[in-house]
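A.B. asks: Fit chain X to the supplied structure of chain R, relying on the hints for placement.
Here is what each chain is made of, one letter per residue.
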Amino acid sequence: MGLLSILKKVKRKEKEMRLLILGLDNAGKTTILKKFNGEETSTIEPTLGFNIKTLEYQGYLLNVWDVGGQQTIRSYWRNYFEATDGLIWVVDSADRRRLEVCRQELHALLQQEKLAGASLLVFANKQDLQGAPSPGEIALTLGLEDEAFAKGRHWTIVGCSAMTGDGLEHGVGWMVRDIASRIFMLN
Amino acid sequence: MSRAWLMPTLEAWMLLWWRWALHLLRAMISRGVDYVTGKSELERICSADSRAPPFSMFSRFLRFLRLSPYPSPSSLLADPTGREASASLPSLLLRYKIPTSNIHVQENLKECLRALHYLHEFKDAVRSLTTTAFAWENQDHLALLHALWHALKPGLAFAPAPSEGEGRKGGREGGREGSVWSEIGFQGRDPSTDFRGMGIFGLMQMVSFAESRPEKARSLLLESEHPRRWFPWAVTGVNVSRFVFELLTEDAVLEERLVEAWREGGREGGKEGGMQVVNEVYADVWETFGRVWVDTDPENVMAFPPIWSEVQRRERRRWRQRRGDESWRLLLEV
Numbered sequence: 001m002g003l004l005s006i007l008k009k010v011k012r013k014e015k016e017m018r019l020l021i022l023g024l025d026n027a028g029k030t031t032i033l034k035k036f037n038g039e040e041t042s043t044i045e046p047t048l049g050f051n052i053k054t055l056e057y058q059g060y061l062l063n064v065w066d067v068g069g070q071q072t073i074r075s076y077w078r079n080y081f082e083a084t085d086g087l088i089w090v091v092d093s094a095d096r097r098r099l100e101v102c103r104q105e106l107h108a109l110l111q112q113e114k115l116a117g118a119s120l121l122v123f124a125n126k127q128d129l130q131g132a133p134s135p136g137e138i139a140l141t142l143g144l145e146d147e148a149f150a151k152g153r154h155w156t157i158v159g160c161s162a163m164t165g166d167g168l169e170h171g172v173g174w175m176v177r178d179i180a181s182r183i184f185m186l187n
Numbered sequence: 001m002s003r004a005w006l007m008p009t010l011e012a013w014m015l016l017w018w019r020w021a022l023h024l025l026r027a028m029i030s031r032g033v034d035y036v037t038g039k040s041e042l043e044r045i046c047s048a049d050s051r052a053p054p055f056s057m058f059s060r061f062l063r064f065l066r067l068s069p070y071p072s073p074s075s076l077l078a079d080p081t082g083r084e085a086s087a088s089l090p091s092l093l094l095r096y097k098i099p100t101s102n103i104h105v106q107e108n109l110k111e112c113l114r115a116l117h118y119l120h121e122f123k124d125a126v127r128s129l130t131t132t133a134f135a136w137e138n139q140d141h142l143a144l145l146h147a148l149w150h151a152l153k154p155g156l157a158f159a160p161a162p163s164e165g166e167g168r169k170g171g172r173e174g175g176r177e178g179s180v181w182s183e184i185g186f187q188g189r190d191p192s193t194d195f196r197g198m199g200i201f202g203l204m205q206m207v208s209f210a211e212s213r214p215e216k217a218r219s220l221l222l223e224s225e226h227p228r229r230w231f232p233w234a235v236t237g238v239n240v241s242r243f244v245f246e247l248l249t250e251d252a253v254l255e256e257r258l259v260e261a262w263r264e265g266g267r268e269g270g271k272e273g274g275m276q277v278v279n280e281v282y283a284d285v286w287e288t289f290g291r292v293w294v295d296t297d298p299e300n301v302m303a304f305p306p307i308w309s310e311v312q313r314r315e316r317r318r319w320r321q322r323r324g325d326e327s328w329r330l331l332l333e334v
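Protein sequence lines, in the order shown, are assigned to chains R and X.
Position 2 (the first sequence) corresponds to 2 in my numbering; numbering is contiguous.
Position 292 (the second sequence) corresponds to 292 in my numbering; numbering is contiguous.
Bound-form chain R, shown alone (with noise of 0.2 Å):
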């Protein structure tokens, strides 16, 4: 085994990317996910637990992992935020009701420090539902627009309907370079 081969290696490890979906139950995270793979959306039912899954994009390994978004699930997103390259956060556009809880579970969020550094890509899904809001009512809302909040942080929001995967590719392709940008910057 020369040099090379090692060097390589490390290279190879270097374009793993670790990505954390997030969001209220019901926002649609796993249709997300498994639209975006390619696999059948019909049958999806509540996430007990997680979903991990390893995507290949762009030249990028993709490490996701798919958390449950139950209220009393909530408490145990801390065990996965470790080494989180990107945070996807998921919002079902057309539950109005619950945009205020929404708002207040993500501001929670990105008060954890091990969170600090990750890209953050805000999905406003469900946008094929009618009377769903646009993804810049979204951000007004969930207060994405506040100084304090922007302050430092790489994100942005993007409207996507994971039913027919119109601005899926579109987010995440974002959130690969943004992380790209920021890590792999030697490449």
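Treat the hints with care, as some may be off.
What the hints assert, rightly or not - One-sided and incomplete, this derived list gives chain X residues near chain R with beta-carbon spacing under 8 Å:
id, residue
1, D194
2, F245
3, L247
To be verified - Away from chain X, derived, C-beta distances all over 12 Å, residues of chain R:
id, residue
4, E16
5, R18
6, L61
7, G68
8, T84
9, E113
10, L140
11, T156
12, G165
13, E169
14, W174
Unchecked claim - Derived coverage of chain R by chain X (criterion: at least 3 residues anywhere in the stretch with Cβ under 8 Å from a Cβ of chain X; other residues may be distant):
id, stretch
15, 71-82
16, 118-130
Hints are computed from structural coordinates only; laboratory data are not their basis.
The beta carbon of each residue, even a glycine, is placed where N, CA and C say it ideally should be.
C.D. replies: For chain X alone, coordinates are given in the frame of chain R:
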């Protein structure tokens, strides 16, 4: 790096090769028997006595369909004129050289085709239930949800008429949306968002379980409230339904039992009989889950995925054994 992941893959490959060799051997033996008896396999299958209580002829017919390249079950049903099963009879008789004068064999074959047709319709019916979303406005759906509550929490009544205002009884909110639902393991205030891909079918199965095996269902509910290893009862129920639906549609393991229920139920009550079968399977899976969960004694609910896969693995194995397509049977029944 552990190589543990390699073992199941290897196992699967060996199983695949073994099956392939077995089928080849079987095809050869079958040809030999064809030659000696002068009858095709299909004719031999349908020569049996169809009134023998376990409809073993149909089991053999199904195995025959699974193993032979022609005809595929779907091609037998894909008939533009309303999927009348017996429409495919002439082509089968011709292809497998069954003499048209043999009424007995023909009748049996027709019965097999009817059973196949029934299976197809039943699966369609279940599928349409899974795509029917729970709706609060639908009185039938609401009644089911309330029936679930009453079966799991007997003696704790709702306010009598939810639409008539704020009346309360036993400290429970009116039986509509509310935090009360998390007491039986829904995720939040609105159970309708928890049925997901299983739709109203998921709720029907829960109700059937809670009503047919109330002690078991309630003891599982009690277990689900354990301070450390709690789990959400209703959401677990939806997961169980998803597995049962998978068994029903993909694995073909339940077919023989469904057809038996159909024949016992005098055909008219075919759908109910079939429902009873899938509901029993559902209850069995629940009980297995309860046992494994308690035996494993997990740290917390996040241990659900591996435990749940183990339960599914065990159940699948049990069904494979019960279906009885062991190797020796494949070789003897030709």
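A.B. asks: Can you name, in rising order, the numbers of the hints this structure does not satisfy?
C.D. replies: 3, 7, 16
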